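Chain by chain, the residues:
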Amino acid sequence: MSVSGDPAPRRPAFRFERWAPLILLGGAFAIYVVVAFATGQAQYLTFENLIAILGRSIALGITAIGQTFVILVASIDLSVASLISATAVLASVIMDGEPGMILPAVLAALALGGVVGLVNGLVVSGLKVNPLIATLGMSLIIQGCLSAFVSNFAGAVPAEFQVFAYGQLGPFPFALLFLLALAVLAWAVLRFTKFGSDMYAVGGSEEAARFAGIKAGRVLVLSHVICSVCAAIAGLYLASRLRSGAPWIGSDGVYDLESIAVVVIGGTVLAGGRGGIWGTMAGMLIFSLIDSVFNIAGVDSFAKQVLRGVIIVAAVAFYAIRSKRIVA
Amino acid sequence: MTAPVIEMRGITKTFPGVRALSDVSFDVRAGEVQALVGENGAGKSTLIKILSGVYRADSGEVRLGGTPVHFSHPVESLAAGIAVIYQEFSLLPERTVAQNLFLGREPRTRFGLIDARRMREESREALSLFAAAGRIDPDRLVGELDVATQQVVEIAKAVSTGARVVVMDEPTAALNEAECEELFAAVDTLRGRGVAIIYITHRMREITRLADRVTVLKDGEIAARFDEVPEPGAIVRAMVGRDIEDFYAPPARPEEIGAPVLAVRGGGNDRLRDIDLEVRAGEIVGLAGIQGAGRVALAMALFGEAPFDRGEVTLDGETVSFRTPRAAIRGGVGLLPGDRKSEGLVLMQSVRDNGMLTSRAFASPLSSHRRNANGDLGGMDRLLDGMEIRAANYDQDIRALSGGNQQKAIVARWLSMRPRLLIFIEPTRGIDVNSKAGIYHLMRDLAREGAGILMISSDLPEVIGVADRVLVMQEGRIVAEFPHGASEQEVMHAATGERGVAA
Amino acid sequence: MTDGTRPRGAERRLRAPRINPVWILLAVLIAAIIYMNTGFVEPTGYMNFLKRAAPLAILAAGQVYVITSGGFDLSVGSLITLVVVGSSMLTNNDPAATLWVIPLMLGLGLVVGFVNGLVVCFLRVPSLIATLGMMITLNGLAFLWSGGAPRGYLPDTYRFFGRELIRDVPLVGFIPVSVIVMAVVIGAYGWLMHRANLGRQVHAIGDNPVAAHLAGVPVARVRITAFVLSGLSGAVAGILLGGFAGVSTDVGAGYELQAITAAVLGGAQLLGGRGSVPAAFGGALALTAIFTLLNFLGLPQPVRQVVQGLILIAAVALAMHRRRQTGT
Numbered sequence: 003m004s005v006s007g008d009p010a011p012r013r014p015a016f017r018f019e020r021w022a023p024l025i026l027l028g029g030a031f032a033i034y035v036v037v038a039f040a041t042g043q044a045q046y047l048t049f050e051n052l053i054a055i056l057g058r059s060i061a062l063g064i065t066a067i068g069q070t071f072v073i074l075v076a077s078i079d080l081s082v083a084s085l086i087s088a089t090a091v092l093a094s095v096i097m098d099g100e101p102g103m104i105l106p107a108v109l110a111a112l113a114l115g116g117v118v119g120l121v122n123g124l125v126v127s128g129l130k131v132n133p134l135i136a137t138l139g140m141s142l143i144i145q146g147c148l149s150a151f152v153s154n155f156a157g158a159v160p161a162e163f164q165v166f167a168y169g170q171l172g173p174f175p176f177a178l179l180f181l182l183a184l185a186v187l188a189w190a191v192l193r194f195t196k197f198g199s200d201m202y203a204v205g206g207s208e209e210a211a212r213f214a215g216i217k218a219g220r221v222l223v224l225s226h227v228i229c230s231v232c233a234a235i236a237g238l239y240l241a242s243r244l245r246s247g248a249p250w251i252g253s254d255g256v257y258d259l260e261s262i263a264v265v266v267i268g269g270t271v272l273a274g275g276r277g278g279i280w281g282t283m284a285g286m287l288i289f290s291l292i293d294s295v296f297n298i299a300g301v302d303s304f305a306k307q308v309l310r311g312v313i314i315v316a317a318v319a320f321y322a323i324r325s326k327r328i329v330a
Numbered sequence: 023m024t025a026p027v028i029e030m031r032g033i034t035k036t037f038p039g040v041r042a043l044s045d046v047s048f049d050v051r052a053g054e055v056q057a058l059v060g061e062n063g064a065g066k067s068t069l070i071k072i073l074s075g076v077y078r079a080d081s082g083e084v085r086l087g088g089t090p091v092h093f094s095h096p097v098e099s100l101a102a103g104i105a106v107i108y109q110e111f112s113l114l115p116e117r118t119v120a121q122n123l124f125l126g127r128e129p130r131t132r133f134g135l136i137d138a139r140r141m142r143e144e145s146r147e148a149l150s151l152f153a154a155a156g157r158i159d160p161d162r163l164v165g166e167l168d169v170a171t172q173q174v175v176e177i178a179k180a181v182s183t184g185a186r187v188v189v190m191d192e193p194t195a196a197l198n199e200a201e202c203e204e205l206f207a208a209v210d211t212l213r214g215r216g217v218a219i220i221y222i223t224h225r226m227r228e229i230t231r232l233a234d235r236v237t238v239l240k241d242g243e244i245a246a247r248f249d250e251v252p253e254p255g256a257i258v259r260a261m262v263g264r265d266i267e268d269f270y271a272p273p274a275r276p277e278e279i280g281a282p283v284l285a286v287r288g289g290g291n292d293r294l295r296d297i298d299l300e301v302r303a304g305e306i307v308g309l310a311g312i313q314g315a316g317r318v319a320l321a322m323a324l325f326g327e328a329p330f331d332r333g334e335v336t337l338d339g340e341t342v343s344f345r346t347p348r349a350a351i352r353g354g355v356g357l358l359p360g361d362r363k364s365e366g367l368v369l370m371q372s373v374r375d376n377g378m379l380t381s382r383a384f385a386s387p388l389s390s391h392r393r394n395a396n397g398d399l400g401g402m403d404r405l406l407d408g409m410e411i412r413a414a415n416y417d418q419d420i421r422a423l424s425g426g427n428q429q430k431a432i433v434a435r436w437l438s439m440r441p442r443l444l445i446f447i448e449p450t451r452g453i454d455v456n457s458k459a460g461i462y463h464l465m466r467d468l469a470r471e472g473a474g475i476l477m478i479s480s481d482l483p484e485v486i487g488v489a490d491r492v493l494v495m496q497e498g499r500i501v502a503e504f505p506h507g508a509s510e511q512e513v514m515h516a517a518t519g520e521r522g523v524a525a
Numbered sequence: 020m021t022d023g024t025r026p027r028g029a030e031r032r033l034r035a036p037r038i039n040p041v042w043i044l045l046a047v048l049i050a051a052i053i054y055m056n057t058g059f060v061e062p063t064g065y066m067n068f069l070k071r072a073a074p075l076a077i078l079a080a081g082q083v084y085v086i087t088s089g090g091f092d093l094s095v096g097s098l099i100t101l102v103v104v105g106s107s108m109l110t111n112n113d114p115a116a117t118l119w120v121i122p123l124m125l126g127l128g129l130v131v132g133f134v135n136g137l138v139v140c141f142l143r144v145p146s147l148i149a150t151l152g153m154m155i156t157l158n159g160l161a162f163l164w165s166g167g168a169p170r171g172y173l174p175d176t177y178r179f180f181g182r183e184l185i186r187d188v189p190l191v192g193f194i195p196v197s198v199i200v201m202a203v204v205i206g207a208y209g210w211l212m213h214r215a216n217l218g219r220q221v222h223a224i225g226d227n228p229v230a231a232h233l234a235g236v237p238v239a240r241v242r243i244t245a246f247v248l249s250g251l252s253g254a255v256a257g258i259l260l261g262g263f264a265g266v267s268t269d270v271g272a273g274y275e276l277q278a279i280t281a282a283v284l285g286g287a288q289l290l291g292g293r294g295s296v297p298a299a300f301g302g303a304l305a306l307t308a309i310f311t312l313l314n315f316l317g318l319p320q321p322v323r324q325v326v327q328g329l330i331l332i333a334a335v336a337l338a339m340h341r342r343r344q345t346g347t
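In order, the protein sequence lines correspond to chains B, W and G. The working numbering applies: residue 3 is where the first sequence begins, and numbers increase by one. The working numbering applies: residue 23 is where the second sequence begins, and numbers increase by one. The working numbering applies: residue 20 is where the third sequence begins, and numbers increase by one.
For the record, the hints were derived by calculation from the structure and aren't laboratory data. Values in this document were obtained by computation on a predicted structure and should not be read as measured data. Even glycine gets a Cβ: it sits at the ideal position worked out from N, Cα and C. Treat the hints with care, since some could be wrong.
Said to hold, decoys possible - Under the rule of at most 27 Å between Cα atoms (straight-line distance), these lysine-lysine pairs were calculated in the DSSO-like manner:
1. B/LYS217 / B/LYS196
2. B/LYS130 / B/LYS196
3. B/LYS130 / W/LYS363
4. W/LYS240 / B/LYS217
5. B/LYS306 / B/LYS217
6. W/LYS363 / W/LYS71
What the hints assert, rightly or not - Restraint-style ranges between C-beta atoms, simulated for each label pair:
7. G/ASN111 / B/SER253: 52 to 62 Å
8. G/TRP42 / W/LEU135: 54 to 64 Å
9. B/GLY219 / W/LYS363: 24 to 34 Å
10. B/LEU120 / G/HIS340: 17 to 27 Å
11. B/ASP254 / G/TYR54: 34 to 44 Å
12. G/TRP42 / B/LYS130: 19 to 29 Å
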């Protein structure tokens with residue numbers, strides 16, 4: 003809790019937060035190894051299996067990269083899950099098994115993402131609507147529109163596009179390499195561009211950013227667009243993986259909450275201004291390892307869901323409990 | 023004599039209900055330090071905000087290098103070469119020194135990417151002007167630097183934008199002795215480079231050390247102008263210049279002072295050391311000191327918000343150890359926080375709700391909000407009436423009231439609890455001059471009724487005028503004590519430096 | 020420095036008694052319903068309407084506490100599901116079991132609210148994340164408990180509260196039991212909020228938790244109480260819904276957002292400080308009236324979601340607009 007006056011002397015200390023994602027990742031990996039040995043399933047400790055573990059988290063990873071952008075500017079996006087469903091269905095319906103329609107379908111999905119992000123950003127920055135509410139409202143709108151049109155698997159993804167999810171380059175799946183490339187790109191944007199620097203400024207202190215002449219509204223909108231476009235890419239990936247679009251894939255994966263949890267576990271603070279992509283990637287790895295631990299240990303899928311809820315809250319608490327601020 | 027860089031002519035600014043500045047003229051030349059002094063509320067900040075484009079003057083003009091300018095946003099004045107260093111830093115603690123120095127105007131490579139190497143080099147260059155430069159790594163996070171170094175970064179930022187005019191608003195408020203010296207050296211460097219400096223302060227020592235010329239503002243008007251630094255008394259007279267006897271309530275007569283209400287022996291925690299303190303019934307004790315000296319920490323320790331971890335506290339002779347404000351309130355301590363808006367008021371609630379807040383907090387949550395053991399709505403209305411609070415009605419949101427009336431509502435909150443000890447932190451901050459006297463008399467009335475009062479204020483004349491006894495703090499300790507009627511110089515001297523001058 | 024003084028005129032001007040816009044909205048909607056279906060003025064018309072609105076109205080009354088205290092409670096929808104599924108498992112077609120199952124379910128609501136409050140206050144997890152985590156966990160528990168396929172049946176003794184009518188009432192002819200439950204809950208919650216100390220303290224901690232804390236308000240205790248009241252309202256709503264609807268694992272889905280929308284329509288301020296139980300009741304009736312109208316117009320179910328999303332965003336945007344004009 004902050005009470006004015008008498009600022010405490012600041013001294014350079016061991017910055018726990020900076021190392022926390024790595025510590026957590028190490029812990030998760032250790033648990034994974036221990037559980038694999040304890041259950042006598044050391045065969046899970048191969049390179050191929052580790053790659054397979056990662057492969058299950060591609061969509062979450064892509065979404066979380068986008069979510070990192072909005073959280074860095076102190077916003078949040080709860081519409082990603084619905085948007086993932088919507089873009090997966092849209093792409094699959096447009097393709098409808100025709101290889102020739104792949105490009106239009108991809109472009110349409112990305113455009114949908116861009117528009118949703120633009121609207122989210124404008125509602126948050128222009129109408130000053132609380133980002134939780136703005137994006138929850140957007141989520142309802144997208145889900146409503148979607149279920150007005152489809153209620154089951156719709157369209158079909160041609161084999162050529164299934165390469166996105168199933169193709170391999172040597173031992174590495176395409177999708178994994180794509181995720182890595184996307185992460186490098188996002189890292190470069192945050193690290194080397196003026197937009198990246200502006201994002202940290204807006205998230206850290208909107209007032210300081212404005213005083214430095216940064217157009218805070220524009221930065222916020224652009225972050226939302228990036229987030230939604232990432233969700234659209236995740237939707238494309240899932241369509242390719244399921245070979246068709248389904249209106250429930252986004253909400254079934256709980257991508258909204260999980261992407262936020264991954265970002266927070268990765269050390270990006272919900273209040274904005276601090277964090278980065280590699281933390282988010284570590285967060286994604288932690289989540290996939292925990293998931294694999296459940297699989298190896300044979301945890302019932304419903305029990306898994308219960309544990310996930312607990313883990314997400316615990317992860318946020320892990321960081322939050324150290325602050326003295328009153329939260330609500 | 024060089025022509026002025028900045029000329030402000032006939033500036034008048036009125037806020038609803040208050041004339042903040044009337045017909046103020048002011049100029050600064052290149053390579054000089056112009057001290058701008060005045061009490062809280064004299065209009066210094068308003069003048070600077072007009073200069074930097076935060077506010078627009080009702081009349082008058084601002085000339086920069088001879089040409090009239092109209093800024094509508096601080097970004098514009100910054101671009102024109104006027105850099106204002108505010109008390110609240112505009113630095114981002116989570117970014118590096120270099121990133122902060124070049125925030126919003128990062129050097130780019132030919133590919134449009136941020137040129138980190140050039141940024142680092144130019145940062146080193148900008149910092150090299152200052153003695154502290156050797157200690158500042160451009161890649162360090164600003165949040166890891168101490169306050170004085172942050173201030174140097176803040177100044178370097180102003181310089182690196184190529185500012186011709188630098189405004190510093192009480193820059194030493196949070197600095198200790200050694201850090202002040204470093205800052206003064208930095209100011210000298212700027213002056214040597216031909217920058218015009220407006221230096222806001224009310225510390226005589228800094229004026230003597232730094233200023234070339236002095237302008238004194240009082241109640242929104244120019245009270246005096248000195249082309250060379252006069253003896254401190256002349257500045258103080260110009261600053262205060264009113265009949266102190268009427269303004270402050272008379273001090274307590276010896277027979278009005280009773281038994282000790284509060285006694286602290288050897289109190290300490292991570293901000294405080296060796297605190298010995300006594301406050302008697304009927305007495306107002308003032309706490310003076312620079313920002314960061316531990317005055318607020320002491321208040322928060324007594325109030326249980328940041329408790330003592332050693333020493334003994336007695337209240338009315340009983341040993342107490344409050345771990346939370348709630349426990350302290352239950353034990354008979356009240357506190358009026360220093361930042362009314364963020365710590366004192368629940369702004370969206372009514373005047374009555376603000377007054378009843380504490381008494382309701384100690385009543386059963388299921389009982390009626392109209393009355394409790396400490397009083398009822400009617401009683402609260404009488405308290406509010408008694409303090410002559412100006413409001414359309416007491417059901418009105420408190421945010422619509424003036425600062426003085428808001429403060430009175432918080433006083434009413436505590437009156438209804440009848441505390442033994444009441445702590446006032448900056449009781450008149452942001453309150454117009456006329457309401458101040460009302461608050462002072464209220465404090466005196468409370469003391470007469472037998473409460474002990476501890477007052478913290480950064481307004482030195484106020485502490486000296488109101489308190490029966492002034493304690494001076496420095497670096498977490500009480501270093502001096504003065505009776506009523508001490509001089510400002512004596513107290514300031516004790517607060518800023520050399521110890522052992524206790525009367 | 021001189022911002023303290025406001026225009027004297029503003030101080031002198033008496034505040035005109037302003038009517039909450041939600042009642043005007045409700046009146047217009049009711050008029051439209053009557054225009055489309057004159058049967059609405061008969062007791063069967065409006066009593067059925069009130070009966071349908073009852074669960075939402077009760078939830079909104081609980082949600083107003085959490086919103087006014089500065090948070091969100093997104094766990095109530097899944098709490099409803101858990102209550103309905105759990106009741107069907109526990110009663111196991113035994114009419115006598117209702118007697119202990121209902122108090123147990125109320126206890127469940129209380130515990131869920133209490134845990135939410137503890138997580139927010141002591142683990143310092145923002146309520147959005149804490150209650151979203153709770154939502155996932157409770158949904159998982161509902162699945163786990165029922166094995167994914169709940170038995171679709173509750174004994175009549177249990178369904179009494181949701182389904183039965185008290186007949187032979189003078190003037191109106193009959194009153195559904197659920198409407199009586201609603202009246203009792205709204206009355207009790209309204210009294211606590213607007214006539215008791217608790218309500219003033221909930222307002223205070225939502226308005227400025229630091230100031231409330233320094234004034235001696237037990238912030239954590241009050242905040243936990245707000246979550247407990249919301250949890251209880253979720254349990255009551257679940258018991259009523261178990262009466263009208265069948266048993267399924269999605270009975271509660273979406274109710275949390277409807278409750279927030281109702282509260283916001285009633286003028287509750289997001290992030291705390293202002294909220295009214297009667298106005299949230301008005302908001303719940305208005306939302307139900309909108310859904311009723313959409314039904315009359317023959318619009319498909321998904322349109323409801325879209326409309327609700329739009330209303331949510333518009334209500335917050337309008338509130339923000341008004342606040343900027345009055346200058347908070």
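Against the structure, the hints come out as follows:
no., hint, in the structure
1, B/LYS217 / B/LYS196, "holds, 12 Å"
2, B/LYS130 / B/LYS196, "holds, 25 Å"
3, B/LYS130 / W/LYS363, "holds, 22 Å"
4, W/LYS240 / B/LYS217, "violated, 38 Å"
5, B/LYS306 / B/LYS217, "violated, 44 Å"
6, W/LYS363 / W/LYS71, "holds, 21 Å"
7, G/ASN111 / B/SER253: 52 to 62 Å, "violated, 31 Å"
8, G/TRP42 / W/LEU135: 54 to 64 Å, "holds, 57 Å"
9, B/GLY219 / W/LYS363: 24 to 34 Å, "holds, 26 Å"
10, B/LEU120 / G/HIS340: 17 to 27 Å, "holds, 20 Å"
11, B/ASP254 / G/TYR54: 34 to 44 Å, "holds, 42 Å"
12, G/TRP42 / B/LYS130: 19 to 29 Å, "holds, 25 Å"
This entry does not satisfy hints 4, 5, 7, going by the numbered hints stated previously.
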